[in-house]
Amino acid sequence: MDQQKKAVATKVWSVGAVALLIVAFMVLTTSYFNTKEIKLASEGCYEVGGSIVLEIHNSVTSSYSFECKK
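Here this note's numbering is used: the first residue of the sequence shown is 282, the next is one more, and so on.
These are calculated hints, taken from the structure and not from any lab test.
It is possible that some hints are incorrect.
[What the hints assert, rightly or not] Only pairs whose alpha carbons sit at most 30 angstroms apart, straight line, appear in this in silico DSS-like list of lysine-lysine:
1) 351 / 317
2) 351 / 320
3) 320 / 350
4) 317 / 350
Take these sequences, add in the hints, and give me the full structure.
Below is the structure:
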């Protein structure tokens, strides 16, 4: 009976670890692509002589609002 409990505990920890890795990967991926999107939007705004109004709503995921004012 003791070995069965250990096996179940190992499986639970394994599933939890995989889930945590997936969530971390998704957060990092979202942050990376949002950062690239902000950079491209900023460059485009500067090219047309605008000024950037950028508000970061969540620093972990880099969710944001972007506006280019002329």
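Non-conforming hints, listed in increasing numerical order:
none
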